[in-house]
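K.L.:
Each of the two chains sits in its own frame; use the hints to bring them together as a complex.
Residue numbers (the working numbering), protein chains in the order written: chain P, 1 to 163; chain D, 1 to 237.
Just to be clear, a hint being listed does not mean it is correct.
[To be verified] Across the chosen pairs, the derived CB separations fall in these ranges:
1) P/47 / D/53: 18 to 28 Å
2) P/59 / D/133: 51 to 61 Å
3) D/135 / P/51: 44 to 54 Å
4) D/212 / P/4: 19 to 29 Å
5) P/61 / D/67: 36 to 46 Å
6) P/57 / D/63: 26 to 36 Å
7) P/51 / D/67: 24 to 34 Å
8) P/47 / D/157: 42 to 52 Å
9) D/63 / P/4: 37 to 47 Å
10) P/59 / D/53: 34 to 44 Å
[As the list claims (entries may be wrong)] With a Cα cut of at most 25 Å, we get these calculated SDA-like pairs of lysine to any residue:
11) D/184 / P/2
12) P/160 / P/119
13) D/79 / P/20
14) P/123 / P/160
15) D/79 / P/37
16) D/184 / D/27
17) D/184 / P/5
18) D/79 / P/34
19) D/79 / P/33
20) D/184 / P/3
21) P/140 / P/127
22) D/79 / P/18
23) P/140 / P/159
24) D/79 / P/42
25) D/79 / P/40
26) D/79 / P/22
27) D/79 / P/29
28) D/79 / P/32
29) D/79 / P/17
30) D/79 / P/25
31) D/79 / P/21
32) D/79 / P/44
33) D/184 / P/1
34) P/140 / P/151
35) P/57 / P/46
36) D/184 / D/12
37) D/79 / D/39
38) D/184 / D/213
39) D/184 / D/204
40) D/79 / P/28
Please keep in mind that the hints were generated in silico from the structure rather than gathered at the bench. Keep in mind that this is a model prediction, so the values were computed, not measured. Ideal Cβ placement from N, Cα and C applies to all residues, glycine included.
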Amino acid sequence: MPQFDPSMFAPQIVWLALVFVVFYLLMSRVALPRISEVLEARSTQISHDLERARALKAETDQVVAAYEAAVAKARSDASAILAEAGQEISQRASERQADFGRELAQKVDAAETRIAAARDEAKANIREIAVEVAREVAHKLTGTAADAPSAGRAVDGALKDVG
Amino acid sequence: MASPVEQFQVQPIIGGDSAVAFTNASLWMVIAAATATVFLVASMRGRALVPTRMQSLAEIFYDLIANMIRDNVGSGGRKYFPFIFTLFMFVLFCNVLGMIPGSFTVTSHLAVTFSLAAFIFIAVTIIGFATHGLHYLRMFFPHGAPLWTAVILVPVEIVSYLSRPISLSVRLFANMTVGHVLLKVIAGFVPALGIAGLLPFAFLVPLSLLELFIAVLQAYIFTILTCVYLNDALHLH
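One chain only, chain D, in its complex shape (with noise of 0.2 Å):
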């Protein structure tokens, strides 16, 4: 029986061992985007004034990116709304097409959850200087707070900002690489179990809409926390 990680290995397809190298998970990126890219201008063919279903979906997407932003970071958030929007239909593909038996989970990877996480972090920082220049330091100490307290708080702040993108890239691959093992290693029972693999089977339906959410979940987190992390840098707290 294939172990429970083989689902992550990541393979070549052209290119061997050089760091440009286009691997399954390259392609299921090209697959996501592309999918994401289809149903989008697809849905949008007829630019109905009555939305078709498909067409609603679409909307659907743009509206709830577009009121987290409004929500969450303000007016000032418009302009960051394309990459928001990128963002999100990027993680939520990724995550649901690795729903497929046999595809492959892109943002299973540290790597590629953690460069998202960093890319985010490091715009957030510039954007934040940007908005506020040295002031934006303010955001490791908070107002009102008695200056004594600089000792602890300052730190502790500085700990908190730096593991941002730490937590925000862990949560999603954890997140991803548990699922998926968890309904790897149940599905292994099936067979071994002979007949009375009926119980696995039954319990792997459920658990199979559960990951569902939970893909659709946390690349809805994904991309709110990036809004937090936005709004923080345009409004100091």
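Isolated chain P (complex conformation) (with noise of 0.2 Å):
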């Protein structure tokens, strides 16, 4: 076999430590910084979308914590607004409803004033009307006609006993 033809050793040796030597030098040299300058570039371009992926979502947490504050911060003003407005409300209804009582009592109080001069009246034209009746009727009865007064002290009396 031809592989194991001394002569032909030296050759290949030789020849095979130059080639190796020029090619590690060009992979060292050439090839292999730029395959790892590449690889280098991806990753820190990866992790640094990566960063800016997480600084973008704490951004957006960020947000959304302060728009559900807002909310929050909202909601609870307008409960309060709500309470406050349904307590000037009440206030003004129960305010109203006083004013209205005090009316209504005054009313009540100026009718009773009104009922009570009435009566009074009414009162004071019975007698009046009882005299006259009285008087008429002595003078049917008796023909003759009382006088005034003595009528009136009688219905007077008689007044007196209903009271």
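P.N.:
Structure representation (structure tokens):
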């Protein structure tokens, strides 16, 4: 086999050493730096992108939290306003009710006064009418006209008995 | 018909019988190194963040060797990455280019594989002594073994250590040589059998694929064993 021909050992080993050294230099100085440069750039890019995604997510979380806080505040404000309004309405209602009550009482008082006046007037009128009636009745019965003062006295006495 | 071993003939192209003659073996070494370099440099030309197909292939080779070193040697192996990568690419391209009909398989020569293996063996031994000093000799006697077993274990370990360059070089040389001889012998049957030659021809197709697979596999094995030896030198077992 040609593999075991010693005369061809030296050229192969010499050229192997030469080619391998040159190849090693080409790999270590030219090819590998290019590949590692690209791989590093890619991993930096990826970690940079992840970093940015994390930052954006944090920002989003912050915005969402702020929004939720604003919503919660608006809700509590609204309920406070609602409670205040309710209180004011009930206060006003009770005020008006009180006013109305007072007015009503006044009107009732006035009416009662008027009624009392009307009754007194009626009472006074009754006496006059009774006196007239009594004189008329006495005239019809007796044929003599009774004088007004005596008829008045008689009516007063009768009225006193009625109360 | 040509002899099955004629394909392994080393013929000087320039320089005749001189020790530095440029032979067909030298030519295919140059072709392998040049092809690998052009492939890597051209595929990385775009330096694309999203790689093209060729660029991913170059990156796959890079990652393959980087991971191999990380898994088998550890962080101490980082500085040997360029050498291991060069070794892998050189053996791989010599093996695969040797599959081209009419080409010359550089790695089918023991002189070449043994030179590589001997260089690795000597370098690993120097790294071992440089890292651990004379303590590196503990390599030949396992920890915790009873002292009297040294009589047996030390010679066994020395023989196994010294046989590393032989097994490393012979494995590659034998795989390449036998595969090519087999292909050649079976190919020889094709014209010899006339119409029945279709049978060996049909057999050549899967066999060529198998040889291609072996070419890649042996490059991988050669490289990973180098990593294992380097690991032994850096971290005594």
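K.L.:
Now look at each hint and say whether the structure bears it out.
P.N.:
Here is what the structure says about each hint:
1. Between residue 47 of chain P and residue 53 of chain D the beta carbons are some 25 Å apart, a value that agrees with the proposed interval 18 to 28 Å.
2. Residue 59 of chain P and residue 133 of chain D have their C-beta atoms about 57 Å apart, which keeps the hinted 51 to 61 Å range intact.
3. Between residue 135 of chain D and residue 51 of chain P the Cβ separation comes to about 45 Å, which falls inside the hinted range of 44 to 54 Å.
4. Between residue 212 of chain D and residue 4 of chain P the C-beta distance comes to about 26 Å, which sits within the given range of 19 to 29 Å.
5. The hint said 36 to 46 Å for the Cβ distance between residue 61 of chain P and residue 67 of chain D, and at roughly 37 Å that hint holds.
6. Against the hinted window of 26 to 36 Å, the Cβ-Cβ separation of residue 57 of chain P and residue 63 of chain D comes to about 30 Å, which satisfies the hint.
7. Checked against the hint of 24 to 34 Å, the C-beta distance between residue 51 of chain P and residue 67 of chain D comes to roughly 26 Å, which is consistent with it.
8. For the pair residue 47 of chain P and residue 157 of chain D, the supplied restraint of 42 to 52 Å holds, since their beta-carbon distance comes to about 46 Å.
9. Distance hint for residue 63 of chain D and residue 4 of chain P: a CB-CB separation of about 39 Å, consistent with the stated range 37 to 47 Å.
10. At about 38 Å, the beta-carbon gap between residue 59 of chain P and residue 53 of chain D stays in the expected band of 34 to 44 Å.
11. For the hint linking residue 184 of chain D to residue 2 of chain P, the alpha-carbon distance of about 15 Å falls within 25 Å, and the restraint holds.
12. Note on residue 160 of chain P and residue 119 of chain P: the hinted pairing holds, with a Cα-Cα distance of about 16 Å set against a maximum of 25 Å.
13. At most 25 Å may separate the alpha-carbon atoms for a hinted pair to count; residue 79 of chain D and residue 20 of chain P meet this at roughly 18 Å.
14. Note on residue 123 of chain P and residue 160 of chain P: the hinted pairing holds, with a Cα-Cα distance of about 12 Å set against a maximum of 25 Å.
15. At most 25 Å may separate the alpha-carbon atoms for a hinted pair to count; residue 79 of chain D and residue 37 of chain P meet this at roughly 16 Å.
16. Between residue 184 of chain D and residue 27 of chain D the alpha-carbon distance is near 22 Å, which keeps this suggested pair within the 25 Å criterion.
17. Note on residue 184 of chain D and residue 5 of chain P: the hinted pairing holds, with a Cα-Cα distance of about 21 Å set against a maximum of 25 Å.
18. About 17 Å separates the Cα atoms of residue 79 of chain D and residue 34 of chain P, which keeps this hinted pair within 25 Å; it holds.
19. Proposed proximity of residue 79 of chain D and residue 33 of chain P is supported: the alpha carbons are some 13 Å apart, at most 25 Å.
20. For the suggested pair residue 184 of chain D and residue 3 of chain P, the alpha carbons sit about 16 Å apart, so the restraint of at most 25 Å is met.
21. With a C-alpha separation of about 19 Å, the suggested pair residue 140 of chain P and residue 127 of chain P falls inside the 25 Å cut-off, and the hint holds.
22. For the hint linking residue 79 of chain D to residue 18 of chain P, the alpha-carbon distance of about 22 Å falls within 25 Å, and the restraint holds.
23. The straight-line distance between the Cα atoms of residue 140 of chain P and residue 159 of chain P is roughly 22 Å, inside the 25 Å bound, and the hint therefore holds.
24. Between residue 79 of chain D and residue 42 of chain P the CA atoms are separated by roughly 22 Å; this keeps the pair inside 25 Å, and the hint holds.
25. Between residue 79 of chain D and residue 40 of chain P, the direct Cα distance comes to roughly 17 Å. Compliance with the 25 Å bound is thereby established for this hinted pair.
26. The straight-line distance between the Cα atoms of residue 79 of chain D and residue 22 of chain P is roughly 18 Å, inside the 25 Å bound, and the hint therefore holds.
27. Only pairs whose Cα atoms come within 25 Å are accepted, and residue 79 of chain D paired with residue 29 of chain P is accepted, the gap being roughly 14 Å.
28. A distance of roughly 13 Å separates the Cα atoms of residue 79 of chain D and residue 32 of chain P; the hinted pair therefore holds under the 25 Å criterion.
29. For the given pair, residue 79 of chain D sits about 21 Å from residue 17 of chain P by alpha-carbon distance, which is consistent with the 25 Å threshold.
30. Between the alpha carbons of residue 79 of chain D and residue 25 of chain P the distance comes to roughly 14 Å, so the proposed pair stays at or under 25 Å and holds.
31. Straight-line distance between C-alpha atoms of residue 79 of chain D and residue 21 of chain P comes to about 17 Å, which keeps the hinted pair within the 25 Å bound.
32. Pair hint residue 79 of chain D plus residue 44 of chain P holds up; C-alpha atoms about 22 Å apart against a cutoff of 25 Å.
33. Of the supplied pair hints, the one linking residue 184 of chain D and residue 1 of chain P holds, its CA atoms being roughly 14 Å apart against a limit of 25 Å.
34. In summary, the hint linking residue 140 of chain P to residue 151 of chain P is supported, as the alpha carbons are separated by about 14 Å, within the 25 Å threshold.
35. Annotation: proposed proximity of residue 57 of chain P to residue 46 of chain P holds, straight-line Cα distance about 16 Å (limit 25 Å).
36. About 23 Å separates the Cα atoms of residue 184 of chain D and residue 12 of chain D, which keeps this hinted pair within 25 Å; it holds.
37. In summary, the hint linking residue 79 of chain D to residue 39 of chain D is supported, as the alpha carbons are separated by about 23 Å, within the 25 Å threshold.
38. For a cut-off of 25 Å, the pair hint linking residue 184 of chain D to residue 213 of chain D stands: about 17 Å separates their Cα positions.
39. Restraint check for residue 184 of chain D and residue 204 of chain D: the C-alpha separation of about 10 Å stays at or below 25 Å, so the hint holds.
40. Simply put, residue 79 of chain D and residue 28 of chain P have alpha-carbon atoms about 11 Å apart, close enough for the 25 Å limit, and the pair holds.
Hint violations for this structure: none, all hints satisfied.
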